[in-house]
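**Student:** So the protein lines, in turn, are chains A and B. Under our numbering, the residue at position 71 of the first sequence is numbered 71, and the numbers go up by one with no gaps. So the number in our numbering is just where the residue sits in the second sequence, counting from 1, plus 1000.
FYI, nobody ran anything at the bench for these hints, they're computed from the structure. Nothing here was measured: the structure is a model prediction, and the numbers come from that model. We treat Cβ as the ideally placed atom computed from N, Cα and C, and that holds for glycine. Don't take each hint at face value.
Claimed, not checked - Partial list, derived from the structure: chain A residues whose beta carbon lies under 7 Å from chain B:
| no. | residue |
| --- | --- |
| 1 | P130 |
| 2 | N152 |
| 3 | P153 |
| 4 | N154 |
| 5 | I157 |
| 6 | Y169 |
| 7 | I223 |
| 8 | T225 |
| 9 | P230 |
| 10 | D248 |
| 11 | I268 |
| 12 | A274 |
| 13 | N281 |
Unchecked claim - The calculated DSS-like cross-link candidates involving lysine-lysine, where the alpha carbons are at most 27 Å apart (straight line), are:
| no. | chain 1 | residue 1 | chain 2 | residue 2 |
| --- | --- | --- | --- | --- |
| 14 | A | K252 | A | K187 |
| 15 | A | K187 | B | K1283 |
| 16 | A | K266 | B | K1184 |
| 17 | A | K242 | A | K252 |
| 18 | B | K1283 | A | K266 |
| 19 | A | K266 | A | K252 |
| 20 | B | K1283 | A | K242 |
| 21 | A | K266 | A | K187 |
| 22 | A | K242 | A | K266 |
| 23 | A | K242 | B | K1184 |
| 24 | A | K197 | B | K1283 |
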Amino acid sequence: MAAIQSWFSLYGIGSSQVTQAQKVPRSGPPCTRRRANNHETKHHNLIRTMIRRRTTLASTLIQLASCVVASSHVAPSPNHNVQREVVMQPEDRPPVGTAQLCRPRHVHLSIGRSQNTTHSSMTVSFSISPACIDETSTVGAVRVGDVLIEGNPNDVISYNASRSDHNHYYSDLYYHIEIDDLQPGRKYSYQCLLLQKEEPSIQQYLRQDREVLNERIISRSDISTFHAPPAPGQWPQDRSIKFAVMGDLATKPHSRETIGHLDHDKGIDCILLAGDISYANNHHHIWDEW
Amino acid sequence: MQTIITTSGMSGEYSYLMIDILIDAYIFSHLPFNCNKFCLCRMDMMSAHDFFSSTPVQIALGNHDLDTVHQVIDGSLEIGLAYESRFRMAQIQPPVRELASLNLFRRNGQPNDFLPYEFGNAYYSFTFGPSKHFVLSSYSSFREGSLQYEWLLSELQSVDRSATPWLIVMLHCPLYTTFQTHHKEMFTTEAQAILEPLFVEYTVNFVVAGHIHAYMRTHPMAFSRRDPRGPVHIIQGNGGRQANDLYYSDAAEEWVDVRDHSMYGYGTLELFNNTHAMWKWVKTGFNAEGEGGIHDQRFDADLNLHDEIWITNQLYVEEMGVNENVELDF
């Protein structure tokens, strides 16, 4: 019975909950976490306690509140799920509590190292709040279509830019997971995940294992799509290739204006950003805002 | 204090529940659910804009990405820590970053010589369908014999122009500038002396740069003269930080086609086939009153200025018998 249910939910058939969920817009994106330097470890312990104890009365209340807030302020996008080649099941509720706090942030893409006529690659980068990371029990991962790729220890990086006793900065953890073996030019949907580690870790999972995976998920990003880079010498069919060129952005009102325009400039395949990205100049919280 | 008394008066599960509620309340109070509406804390730009998660972003190393200010360790500076941690380009090799001695920097933290930073996100190449891209580092040595120069030379020699007829170079400091700021900076003058011969010899189509907070596009040019087989140089440094640079001379140089120092924007480069591409400058904003600072060029803004132009692949200019006049101005 459970298998049939999962089959139905996988294809979005016969479940009113799924269609409902597609209408529920995502809640607002997470914010830069405020750093309480001297209470860092205390803060972490509290949140770890919360991760262990997943459901509480208060998070139910927050969930209800966030549904109201989100639905009243964010307009649903009607064509959001239409053009995906590989359809993923959308989240069944907006993230709350731990799922919101530990949400993958700064999700961005860059072109990977291997590009040839049959295979291309893309690097997916995202950051996780250090409060959510316990190296022995959590791991970042990317789900592309039905394939799960967990991050290697080499893929994860964080840094400490503390300069003196009174000025500490510990960065988020950054995952850079390179997805190989993509079909050049094809459209993929993907999602960044923070998972409970499982021993031995699975590199790929079959469709029947979806429920097992769902139990492991601590937090997840929105589902997005990308086109795998075209193979060298390959032109897309009936379409041109369009690059956007930007430079010297910072986080000022005019920067947001420029990027806001790009949001509406459809058909851009790749962005060339010619340096001076955040103007952090060693104030790393400005990097966090970018 | 009240809390402690309350919880200590309880026992077992109930006190745990109380603590959980307090934790949730704490987190809730720090996490607004719609940052656009209730700006308790600022939302990061990558999360705010969907295209970051759907379009690859290829970055070049700028002077403000080095994070040099005050990062002193035993009399040296650690450079590019955040730039290497937060981004991951298609690297040739893992980054080699050494501590940079303080005399490589001016007092304001800006570099005044090449820095010990190789590979990683500093310089790399990638292919995107019919175009081959080289992203160079203005702040790693590109003098003859340097790692970057030797890598670039070998890569340029191995490019198959029948598969990738477009060749695009991106670096932070421009080779040519019509503006006062950074006009005589060594990263510009040396790039012109060392890199331009390579770009002309291997028929680079576009050289894209930033650094100067303004917009400029040249005609196809080589060695300070118009040349239909030379690269088009573009400065697109008006992304949002500022737009107020002064011109170096009132009359534009003969190789300058369009220049502006008062508007914000970005550019799009659309490749249609092996021979034709369209460059377009998209204007997004203007300085508000007083925003431009001491060099406020607000009143110079020419609102009718547009830049949208067909560019013929310099590789085929001679075979096709095309001259400069074929460029169609809109």
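**Student:** Run through the hints listed earlier and report the numbers of any the structure violates, in increasing order.
**Tutor:** 1, 2, 3, 4, 6, 7, 14, 15, 16, 23 and 24
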